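S.K.: Build the full structure now, drawing on both the sequences and the hints.
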Amino acid sequence: MTRVRSADLSSRSPIRRLLHVAIAMALLVGSAACGAADEAPSGSGAQATLEAGQVQFRTKLDQDRSSLVKAEVDYPPQVESGIGEAATFNLSMVVPRQLAIATPVRPTPSPSRTSPTLTSAPFFGGGIVDLNVISGDSGVTVVALSPEKQPLLDPGERATWSFSSTGTNPGDYRLAVQGTVLDQDSSTPLVQLEPISIDFKVDDNLGHKAAKTGNLVVKVALGITAVLTLAGLLGLTWRRTRGRHTAK
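Note that this note's numbering numbers the sequence shown so that position 135 is 135, with each residue one more than the last.
What the hints contain is simulated information worked out from the structure, not anything from laboratory work.
Please read all numbers here as calculations on a predicted model, not as lab measurements.
Each hint should be verified, as a subset may be incorrect.
Here are the simulated lysine to aspartate or glutamate pairs, EDC-like style, with alpha carbons at most 20 Å apart [said to hold, decoys possible]:
1) K70 <-> D154
2) K149 <-> E194
3) K70 <-> D183
4) K149 <-> E85
5) K70 <-> D130
6) K70 <-> E194
7) K201 <-> E80
8) K201 <-> E85
9) K70 <-> E157
10) K201 <-> D137
11) K149 <-> D183
12) K201 <-> D172
13) K149 <-> D130
Computed beta-carbon distance windows for the label pairs [stated by the list, open to error]:
14) T229 <-> P77: 55 to 63 Å
15) Q78 <-> T188: 30 to 38 Å
16) T188 <-> G139: 33 to 41 Å
17) S186 <-> I23: 54 to 62 Å
18) A176 <-> T225: 17 to 25 Å
19) P96 <-> K201: 26 to 34 Å
20) T225 <-> G139: 31 to 39 Å
21) T225 <-> S138: 36 to 44 Å
22) V143 <-> T188: 22 to 30 Å
23) R158 <-> D204: 34 to 42 Å
24) D183 <-> I134: 44 to 52 Å
Don't be surprised by glycine CBs; every beta carbon is placed ideally from N, CA and C.
M.R.: As structure tokens, this is what we get:
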């Protein structure tokens, strides 16, 4: 009897082991699924978090915009140069010492009080100003001679931008001034400068006229030389022919 019972128990041991392993795996899978369910946020929760972040971003931008102050931008209403010559000009912005909270209004250009060759327009300062001048004409090239991004933060502070423009053909062109106040030192715009235009006149300069006149003189001289040479050859041929007839 003892031998039979021991053999029966030994045959049941592998089955019990398999049952234990299956139960342990089921418990592990169930606990992992519960943990994943607890950690994964619901779709509505993620959307709410995103919307809350957007609201905070917009609120911060509104607060930064409200801290801007009225400033002025001085620019030349017109610049002139000859063909191929660079015309250099400056644009400057200043924050007045008596600060006034900015109120969005369209700028009305008016003659500058400091210089008759400049025009002033209201602008909003209080941050990093990104200013550039462009031209839509292929024959006009504008080059920035100073950093495009400059700080304009404290009362009485002035920022100056320098540019040069060159035209390849005579005519009247228009340059566009583009300005943006950035949120601190980032690429997020707080407010943009209202459109400002600068007239760019390219004259047929003396050097270009002299070159054209010189080319014309050379062409005329070559033409006269060619005519005289041809006339001389014809005269020589005629004299030779006449001399032969006389000898006969």
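S.K.: Taking each numbered hint in turn, which are not upheld by the structure, reported in ascending numerical order?
M.R.: Going through the list in order, the structure violates hints 4, 18, 24 and respects the others.
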